Amino acid sequence: MRVRIATLGLAALALGAFAAQAAQAQLAPALQYVIENNLATFNRKDLAGAMATIHTKSPDYDPTKAALEEQFKDLDATASLVKFDLIGHDDEFAVARVRVKTTGKPGSGFADNTVDAVYLFHQEDGAWKLWDETVLGIDILPQDAPAAK
Amino acid sequence: MMKRLAVVPCLVLLWSSASVAQWQPTVDTYGSSRAQYVNRDMEECRRLAQSAQGGGAVQQGVRGAATGGLVGAAGGAAIGAALGNAGRGAAVGAAAGGIGRGVGQASQADQAFRRAFSNCMRQRGHRVIN
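Those protein sequences? They're chains A and B, same order as listed. Here this note's numbering is used: the first residue of the first sequence is 32, the next is one more, and so on. Here this note's numbering is used: the first residue of the second sequence is 205, the next is one more, and so on.
A hint or two may mislead.
Covered by chain A, per the in silico footprint, the following chain B stretches (three or more residues, Cβ under 8 Å) [to be verified]:
1) 237-248
2) 274-284
3) 323-333
Note that these hints are calculated values from the structure, not bench results. Since we're looking at a predicted model, the values are computed, not measured. Just so you know, even glycine gets a beta-carbon here, dropped at the ideal spot from N, CA and C.
Model the full structure from these sequences, guided by the hints.
Structure follows, in structure tokens:
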């Protein structure tokens, strides 16, 4: 009897660990998709689409919307995901380290850069959204020399 | 006469450095939803612009301030626009009118600082007048 209870207990633990691992494995792609969607909507100057990736209660929501409205007027830049690593999560938030490269149109004078940052995600209506970003480092990329005439 | 002219570029260089430290863009806060953040953004953008004026990579001290409450692609775009001169007209030339190469360089650095400062404030949603 004791052996049976112990066996059932171990089985329950193993199942729980397996379920947690499976949930973790599903979380990383879901969060990466949020970032990729944010970048893709930025690249096609889709303000509504970009804002849909940000939690409406985030303290960064209004400043980001104001900045994007300005940027979409006369800025021609492309953002791409360089690296994504899930750091962890609890019941409310998830944290990932993300590296994003932003490049401008050649000759536009834009300072191409790579931003290394920690992102905080929070769920809204069952979907993960961007909540906050803390920059760890910025690399200003060397500009290409203008082509000789 | 020649000695007097030689002194002027040095004085202009010193004046230019001092004026850069004091200058800030004029921001119209009327009806702006960002009005409450203008002082904070001014200080953060000043630090960022001073780093840009140095000509090197952004210093460690402005990392956290660099994106100023922006999240996602907007942050990198704001940095690139603030530290470059994208969408804000042609590069500054030596507008010193032949007084001296040093004055021209000081003028360029000063204007680069002002441009970066103004761009940074605009990227954060403020209406910059000058």
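Outcome of the hint check:
no.	hint	verdict
1	237-248	holds (count 3)
2	274-284	holds (count 11)
3	323-333	holds (count 4)
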